[in-house]
Amino acid sequence: MERETIAIHLGYNKKQGNGEMSVPISQTTAYAFRDSEHAANLFALKELGPIYTRLTNPTTDVLEQRYAALEGGAAAICTSSGQAASFYAVANVAEAGDNILISDKLYGGSVTLLTYTLKRFGIKTKVFKSDDASNLEELIDDKTKAIYFESLSNPQIAIPAVEKIVEVAKKHGVITICDNTVATAALFNPIKWGVDVVVHSTSKYTNGQGTAIGGIVVERDGLAEFFKANSKRYYHFTTPDESYHGLVYTDVPLPNFCLRIRLSLLRDIGATQSPLNSWLLIQTLETLGLRVDKHSDNALVIAKFLESHPKVKSVSYPGLKNDKYYDKAQKYFKDGKSSGLISFEVSTFEEAKKIIDSVKLFSVVVNIGDSKSLITHPASTTHSQLSEEELAKAGVNPVTVRLSIGLENTADLIADLTQALDK
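If you read the sequence shown in our numbering, its first letter stands for residue 1453, the second for the next number, and so on.
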């Protein structure tokens, strides 16, 4: 099936059950077993099926199947939020005494999670230059368990050197984790470029309406062989799991990365996506490609307008021909489209604040990817927990304004920005 068809049909047979055209919501806590043997077989992985909604759910399973296919992956697992997806992806391979390498251009919440919260778990973080990955190799050691980066960073709108990152990671046998939230599977498939694991906050463009919180982890095919080849670094997958009767994940003929999250982290920590949120995300996933195309088209129009306005000092949007990431956008993203996220700078913090306080159609919101256009000041909101040094390294400063361009008519958006800029 092609992508548009996958997003609408995969994983659900409407001829089963009552013939519902819409995927039903399995709003239940647990599931009745046929008998004691059936229950035992499910827990022993001799049969596959729902046991308890903290672990599996039929509605969520449809979303997982569709997302895995859209990303070109072997399997996916939903979580309660994007932050939970990022945490699970890292915690699945790293433990106390290990380190991970993270991009110098990340969403503020990812920085605090990976730098400060993980430190409390004994996991150290080192930062690499994502634009060219020039210092990546020198940071890798025997305790490095993952390389984490964003395909399109928020709010810098930067595109990393994906091929170089993957090349270095494969040379040293280290897992790559790519946050594809902003670009989405509609524009970019990291797995096709050699990335091992993809994470998303599905609350953003996947939902697109600000009605559901969720996250997802997708793994590429063939990770079991990767773990076997790098068993010293990833021994949790190749040695018995004492919490699951000595199960060796690489011996199980199922995608290993998501399986271990489900049987260990999801079981014990329980950051599970609710069936209702899964159902909401299934509805909006059907139109993801159409919406992201429109978001991107609208954003390019707005970026060109901002570029020509005398009060705007600079605009960051890879769809602009003079943007430093333009060539990467043309190379990596479908038709060179660059999502609906724009950052621009004005002369002073006061000007930035005035613009945000003066808009009428834009909403002052820290979310992104909504059908409605949004505006925020990253330095005082999404990145406010970062130090001045971290803000500088991330390319976020007090004069930066971030826009998430929605699906409205661009003439109305330009009119709103014009009156706010001209005040």
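In short, the hints are calculated from the structure, not lab data. Please read all numbers here as calculations on a predicted model, not as lab measurements. We treat Cβ as the ideally placed atom computed from N, Cα and C, and that holds for glycine. Where hints are given, some of them may not hold.
Unchecked claim - Have a look at the derived ranges for each label pair, beta carbon to beta carbon: (1) R1719 to G1574: 40 to 48 angstroms; (2) K1622 to Q1517: 25 to 33 angstroms; (3) K1875 to T1739: 51 to 59 angstroms; (4) I1866 to V1816: 13 to 21 angstroms; (5) I1460 to K1623: 53 to 61 angstroms; (6) N1861 to S1683: 53 to 61 angstroms.
Hints versus structure:
1. For R1719 and G1574, the hinted distance range of 40 to 48 angstroms is not satisfied, since their beta carbons lie about 21 angstroms from each other.
2. For K1622 and Q1517, the Cβ-Cβ distance of about 28 angstroms falls inside the hinted range of 25 to 33 angstroms, so the restraint holds.
3. Distance hint check: the CB atoms of K1875 and T1739 are about 36 angstroms apart, inconsistent with the given range 51 to 59 angstroms.
4. Taking the beta carbon of each, I1866 and V1816 are about 18 angstroms apart, inside 13 to 21 angstroms as hinted.
5. The hinted window of 53 to 61 angstroms between I1460 and K1623 is violated, with their beta carbons roughly 40 angstroms apart.
6. Range check, N1861 to S1683: about 56 angstroms between beta-carbon atoms, so the 53 to 61 angstroms window is met.
Checked against the numbered hints listed earlier, the structure breaks hints 1, 3 and 5; every other hint is satisfied.
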